[in-house]
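Trainee: Sequence:
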Amino acid sequence: MQNMKYILILVAGLAIQGNNAESASKIGSQWVEIDGKQYYFEMQNYADWHDAQALCERRNLTLISYQTVEKWNSIRNFLLLEPDFDMNLWSSGAKLADGQFLWRSTGEEVTYTDWATGEPNLPAGSEFCVVVSAFPNGWDDIECTDRWFASVCEEP
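Numbered according to mature numbering (1 follows the signal peptide of the UniProt record, and there is no 0), the sequence shown spans residues -21 to -1, 1 to 135.
Just so you know, the hints here were simulated from the structure itself, not pulled from any lab data. Don't be surprised by glycine CBs; every beta carbon is placed ideally from N, CA and C. Careful, some of the hints might be misleading.
With a straight-line Cα cutoff of 30 Å, these simulated DSSO-like cross-link-like pairs (lysine-lysine) come out [unchecked claim]:
{"hint": "1", "residue 1": "K16", "residue 2": "K74"}
{"hint": "2", "residue 1": "K50", "residue 2": "K16"}
{"hint": "3", "residue 1": "K50", "residue 2": "K74"}
Distance ranges between label pairs, derived from CB positions [stated by the list, open to error]:
{"hint": "4", "residue 1": "S8", "residue 2": "A76", "range": "29 to 39 Å"}
{"hint": "5", "residue 1": "D77", "residue 2": "E12", "range": "33 to 43 Å"}
{"hint": "6", "residue 1": "Q9", "residue 2": "D77", "range": "10 to 20 Å"}
{"hint": "7", "residue 1": "S8", "residue 2": "L101", "range": "27 to 37 Å"}
Hey, can you work out the whole structure from these sequences and the hints?
Mentor: This is the structure we're talking about:
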């Protein structure tokens, strides 16, 4: 009878541990490994572009840059598998005064893009930051002060 009590406690402990692992797989504020690289997803606290960049910097990270189709597809495919994901994410993409875009975190010109239909629409003087959306799909230039977006950070 005593052994049965210990087995019951052990099983209950494993069940609780399993539930914690399950909840960790849901999008929230968490670290995720995708294609061997670590990313920090902040999905619970929306921020404007500047606050999102500061959030990443406090962790010695940068806002994500999508230099290749492979990187974008890896992140996008991960997000599409998350049942509760339906939001836009800040990237380090920023528009220069001449209308060209660069990845602020690397200083590289944006060469690969996946703009949504009609984007970038480049209205004069207002939309200088890039958000990305896995669903339905595409990138958008938007005002940097909009506070409705989640963040993804990566190691520099």
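Trainee: Which earlier hints turn out false for this structure, listed by number in ascending order?
Mentor: Hint 6 alone not satisfied by this model.
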